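Peer 1: Produce the complete structure using the sequences and hints provided.
Protein chains: 2
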Amino acid sequence: MSELNLGFVAINYISCTPEYQGRFEELFKSRAGAIDTLPGFRHMHVLKPQVPGEENLVISYWDTEEDFKAWTKSEAFIKGHKRGFEDVKKAKDAGQEPPMTSSFKTYEIITN
Amino acid sequence: MSELNLGFVAINYISCTPEYQGRFEELFKSRAGAIDTLPGFRHMHVLKPQVPGEENLVISYWDTEEDFKAWTKSEAFIKGHKRGFEDVKKAKDAGQEPPMTSSFKTYEIITN
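Heads up: the sequence lines are chains A and B, in that order. Residue numbers for the first sequence follow the working numbering, beginning at 1 and rising by one. Residue numbers for the second sequence follow the working numbering, beginning at 1 and rising by one.
Derived from the structure by calculation, the hints contain no laboratory data. Where hints are given, some of them may not hold.
Note: identical chains are not told apart, hence a pair may lie in one copy or across any two.
Cross-link-like lysine to any residue pairs, in silico, SDA-like; alpha carbons within 20 Å at most [as the list claims (entries may be wrong)]:
1. K82 / T111
2. K29 / M44
3. K29 / T111
4. K92 / R23
5. K92 / S30
6. K79 / A32
7. K69 / P49
8. K105 / H45
9. K29 / N5
10. K105 / Y13
11. K29 / I109
12. K73 / S15
13. K29 / L6
14. K79 / R31
15. K73 / S30
16. K82 / G7
17. K73 / H43
18. K90 / H43
19. K105 / I14
20. K69 / V51
As the structure is a prediction and not an experimental result, all values here were calculated from the model.
Peer 2: Listed below in structure tokens is the structure:
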């Protein structure tokens, strides 16, 4: 963190198969919002690429990195990802490619 | 756009050479804020990666894609990028690699 802490951002970059994209959107549109109650959570946005096939972005804004890390170890995290994790597990158990893959990158806000 | 327009997001993914990273941050920290006056502009964040060498993200939020496009064709756009463009031109004129490269990707907000 720099001397002035403007905030912390985590972005989950999510690739979906064409068949899964609609389901991915549906999962987020019907999310229970457990994350919203976490300490240090500010807000989040789910972004769909204008170019089909590019990654979806789930951007969450936090007061500090510690707040974000606490979320990733929380019940809310497991609960919030339950349906997506199950979809991936189901494909794996059936010997299929996962319908989505994801990776987190983390950032410091340097200016607004 | 989907039936419900929650907003439009443009992300400029910017790679800097290690030598240029500090200058990049300085340019944004001292930005004149011309973009803030544009119709449909909501807010922006400049994100520095926690892992050195990954891309910086300049995220701008807009009411509509049209508002974003109007900005890219505006005086404010040229003015806002003047110093960065000059740095790139200077390197090019000297036969050097550009100190930064950038590319825009655009998104629709599907949920918050």
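Peer 1: Next, verify each hint and record whether it holds.
Peer 2: Evaluated hints:
Taking CA atoms no more than 20 Å apart as the test, K82 paired with T111 passes between copies only; the shortest distance there is 18 Å, against 34 Å inside one copy. In the homo-oligomer, the alpha carbons of K29 and M44 lie at most 20 Å apart inside one protomer (12 Å), although the nearest pairing across protomers, at 24 Å, exceeds that limit. Taking the closest pair of Cα atoms, K29 and T111 come within 20 Å of each other only across two copies (6 Å); inside a single copy the shortest separation is 30 Å, beyond that limit. When the C-alpha separation of K92 and R23 is checked against a cutoff of 20 Å, the pair qualifies only within one copy, where the shortest distance is 17 Å, while the shortest distance between copies is 46 Å.
Within a single copy, K92 and S30 get their C-alpha atoms no closer than 24 Å, and across copies no closer than 50 Å, so neither meets the 20 Å cut-off. Taking CA atoms no more than 20 Å apart as the test, K79 paired with A32 passes inside one copy only; the shortest distance there is 9 Å, against 43 Å between copies. With identical chains, the CA atoms of K69 and P49 are at most 20 Å apart between copies only, with a shortest distance of 16 Å across copies and 27 Å within one. Taking the shortest Cα distances, K105 and H45 sit within 20 Å of each other both inside one copy (15 Å) and across copies (16 Å).
In this assembly of identical chains, the alpha carbons of K29 and N5 lie at most 20 Å apart only when taken from different copies (13 Å versus 31 Å within one copy). Taking the shortest alpha-carbon separations for K105 and Y13, both the intra-copy value of 8 Å and the inter-copy value of 13 Å come in at or below 20 Å. Taking CA atoms no more than 20 Å apart as the test, K29 paired with I109 passes between copies only; the shortest distance there is 11 Å, against 26 Å inside one copy. Within a single copy, K73 and S15 get their C-alpha atoms no closer than 23 Å, and across copies no closer than 31 Å, so neither meets the 20 Å cut-off.
Proximity of K29 and L6 under a CA criterion of 20 Å is satisfied inter-copy only: 12 Å between copies versus 28 Å inside one chain copy. In this homomeric assembly, K79 and R31 come within 20 Å of each other (Cα to Cα) only inside a single copy, at 10 Å, whereas the closest approach across copies is 41 Å. Taking CA atoms no more than 20 Å apart as the test, K73 paired with S30 passes in neither setting, with 22 Å inside one copy and 37 Å between copies. Proximity of K82 to G7 under the C-alpha cut-off of 20 Å is found in neither arrangement, the shortest distances being 27 Å within a copy and 27 Å between copies.
For the homomeric pair K73 and H43, the shortest alpha-carbon distance inside one copy (18 Å) is at most 20 Å, but the shortest distance between copies (30 Å) is not. Within a single copy, K90 and H43 get their C-alpha atoms no closer than 30 Å, and across copies no closer than 40 Å, so neither meets the 20 Å cut-off. With identical chains, the CA atoms of K105 and I14 are at most 20 Å apart both within one copy (11 Å) and between copies (15 Å). In this homomeric assembly, K69 and V51 come within 20 Å of each other (Cα to Cα) only across copies, at 16 Å, whereas the closest approach inside a single copy is 31 Å.
When held up to the earlier numbered hints, the structure conflicts with 5, 12, 15, 16, 18 and fits the remainder.
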